[in-house]
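Grab the two chains, each in its own frame, and use the hints to assemble them into the complex.
Protein sequence lines correspond, in order, to chains A and B. Read in our numbering, the first sequence has 229 at position 229, and its numbers run on one by one without any break. Read in our numbering, the second sequence has 29 at position 29, and its numbers run on one by one without any break.
Hints are computed from structural coordinates only; laboratory data are not their basis. In this text the structure is predicted, and so the values were computed from the model without any measurement. Be aware that a few hints might be false.
Claimed, not checked - Computed footprint of chain A on chain B, listed as stretches where at least three residues anywhere in the stretch have a Cβ under 8 Å from a Cβ of chain A:
id, segment
1, 44-56
2, 94-102
3, 146-160
4, 193-203
Backbone N, C-alpha and C fix where the C-beta goes; we use that ideal spot for every residue, glycine too.
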Amino acid sequence: MKSMSNLLLNRAIDTTFKYVGIFCTFSALAILGIFLVNIAMEGLARIDWDFLTSLPSRKAEKSGILTAWTGTAWILGLTAIISIPLGISAGIYLEEYGKKNRLASIIEVNIANLAGVPSIIYGLLGLEIFVRILDFGGSLLAGSFTLALLILPIIIVATREALKAVPKTLREASYGIGATKWQTIWHQVLPAASGGVLTGIILALSRAVGETAPLIVIGALAYVPFVPTSPMDEFTVMPMQIFNWVSRPQHEFLVNGAAAIIILLVITFIMNGIAIYLRNKWQKKINW
Amino acid sequence: MKIIEAIDVNAYYGDNHALKNINIEIRENTITAFIGPSGCGKSTFLRMLNRMNDYIEGFRMEGTLLVEEKDIYRKKVKLEELRQHIGMVFQKPNPFPKSIYENVAYGLRIRGVNDKKEIDERVEKSLKKAALWGEVKDSLNKSAYSLSGGQQQRLCIARTLAVKPTIILMDEPASALDPISTAKIEELITELKEQYTIVIVTHNMQQASRVSDRTAFFYLGSLIEYGKTNEMFTNPKIKQTENYISGKFG
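Next up, chain B with everything else stripped away, as it sits in the complex (with noise of 0.2 Å):
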């Protein structure tokens, strides 16, 4: 089941044509990696998966981009909801100034959800999903600055999930990270796959092979081979993918 759709999609910074005619097709509970060298478009294609570059002045769009064969930039959508359909992890952990507890309520009070029990309850499970819970389960009114940056990272993920989230976007979320760190990350990130679909920009190719089921290479804008990981990163049908996987450019 494919579960986002982009059709003739272009993107543009003022004159800057950052996007070019992209189409593809995301399937439910995968993780799609992105794949490209730097400004060839693949995070500006998934902050347009919810929207989030709405906040760069001078940027449009063209195309149309389904999801849950949904526009989601006609008119009528709400971001509020699309957002919480779409969560998003960042590139650098960036929980909130508050107590770990907060950080994974916030969404949840914000939609107006105010049981103690219930908070309680989503906090606990989102963290253990998150594979944070054994961890902070003791410390949970600590800051969430007292956590170490893959501790954090885990805690963003967490707090996406709280708000039961159908597709998680990561914007390179383990480039900040040390190795080991990393390795919790991406083991996560698998396990996640069952229940949500994933989409990942990432620099690391080895991090490409090792988490995704098919990824998308990017170039200058445009959507150059898109695929299954394992074929892709063995038999390339294209040559300008060939030698970004291999080395020769990047």
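Looking at chain A on its own, in the form it has when it is part of the complex (with noise of 0.2 Å):
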């Protein structure tokens, strides 16, 4: 009888716990969902071809993203050129070339830390070298360096990750028909981990877009009447802008905030949407 009702038991627990699991992931959902239709109601009337290419205004209804959304795309493109080639050269160095003994596994614990640390301690870090060392100022190229410094753990760590997946059974083949390492990596291991180090850049990437306190503590500017023109150019970007708007006190630049929300949303949304496409893709195509 006690067996009986000890059975009893764990199936109510192994429902009860079913339920709270649904529970718990709707919740999460279900606010998000809150959170977009809110945004989507007070902001989506606004967004019109005047709204991405007016600059900004002290009047709410003639304020615009321009300045916002370039400055967003050229600190992307920038901290692409300077995160992307130094995160997978570190990578593959530290997978391929690098030996494993002591000094690796600091180094590997260190990364992995980096990839912690609060982006404001990056921030800091920004203003003190680039900003004053090296007198970039608080330009685009300040800003680029710093949050490409912030992004570089996630690349050299998902570059690590997609050579390791690569199966011996490649890199034997081909050194086994007398390829050099460098060969064989640039060959064969790259390409096979391509997908991986993709993705793993572009949700970097996606992270570095929504920014905003290292590019505050660097001194970019809410206010910025004019477009970026070089990367010396001093610069606001899409997050930035939409706390400027939501601190405002008037409803008008609200409805700005949420419209710029929804455009940055949109944003981080294709480019998730692109590296999980990117992941899909490859691993379909490669059964080892």
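Spelled out as structure tokens, the structure:
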């Protein structure tokens, strides 16, 4: 009899846990849903061509996000140019060339740690090194270098994981007909790992798009009345523009903020979507 | 003519003494089979012949290993040249994730051969030698993964032949294949003997007796017996060899 009641209790726990799980999943989704609906109701009507092509203004209805999204585009491009070659090269070195000794494991742990350092710390680092010592000022270049440092650990880790997933047999095949280490990496290992590397890069860049704190620290401006034309120009980015608008008391600016949030969300969703697409495509194509 | 000669070769993985005082001479244009139970050192010795063990951490060797009378473990050896000379076919077919054509052309391209006509010719010739040309000549641009396991293995052999080796090492090349594909590979190996020296590791005693001219029996890291295959299989000199060949252990 006792075992019978145990059985019932176990089943009850099982069922309860299932429903708790469903509830937790859906509450998180529901909150996201409420947020999206709220933002869409506020901001969707505000989005039109003028909104995308107007400079910021003191009058809310005349304001646009031209400087913000061009700034974001500049930052994205420069950050990619700086971080991708550095990150991939570092990943290749650590995974393929570096000796697996004590120093290597210390480096490994610290790169993982760097990925977890709060972004504002990177802002302070950028302020000291890029803004002051290298004298870039509060320019796109200083911002891009700072964000590149921020996402470097993510790219390095993603590259290493992708390289690690390439089977030994592929390397042996290449070495076996007399390829050098570099030829093996360049012609076989990297192409086979490219899906994973690319996914990591896009996820890292989509993080950079949303970063605000480090850019505030290095002196990016909330109000920029011109479109940047060179890497040494001062700039603003989407999240800073949003932050600026939603901290104003007038309701019209809040609407602008909601509209800009929608644009920012669309950008990050598209980037994440591409990352997921690439990952799936890569997994399907390569059957070891 | 001897083409490979090992003199007192020892090999270690860390503390594990994997090969003990191996002395062997392998003749040109013969097929030599290495047999023995798992972990006996036959694959280790095979992979030493083109230095594939260099990538295993903790591996080290002692002794002298001569190929065409040159020590392949001396400092000045260029691994790329060594491996062009001594090709290798692996246990599991491992074509590159590229087209059939590019798989065979890879060995040429990495050596800076760019002439399209020359590559075309070498690809065709290698595929013909590997008895695969008839099956793939109309689909050279298809992915190598679209081939069956047996075809993939013959593609791997063609890829090795394309860089004109003199010795081909085969590490259980048919163990992942069905009987029909295995028969084709064995037939191919026998044909290749005309032009190449072949060393093949196999778990399959019948395979060793079918294809090889000479057989080396390894046990616990030592070379127990080495001789003509038909003599060894009908009249082994050493008791351990007889027990292994007759299936008393393995």
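Of the numbered hints stated earlier in the document, which are not met by this structure? 4
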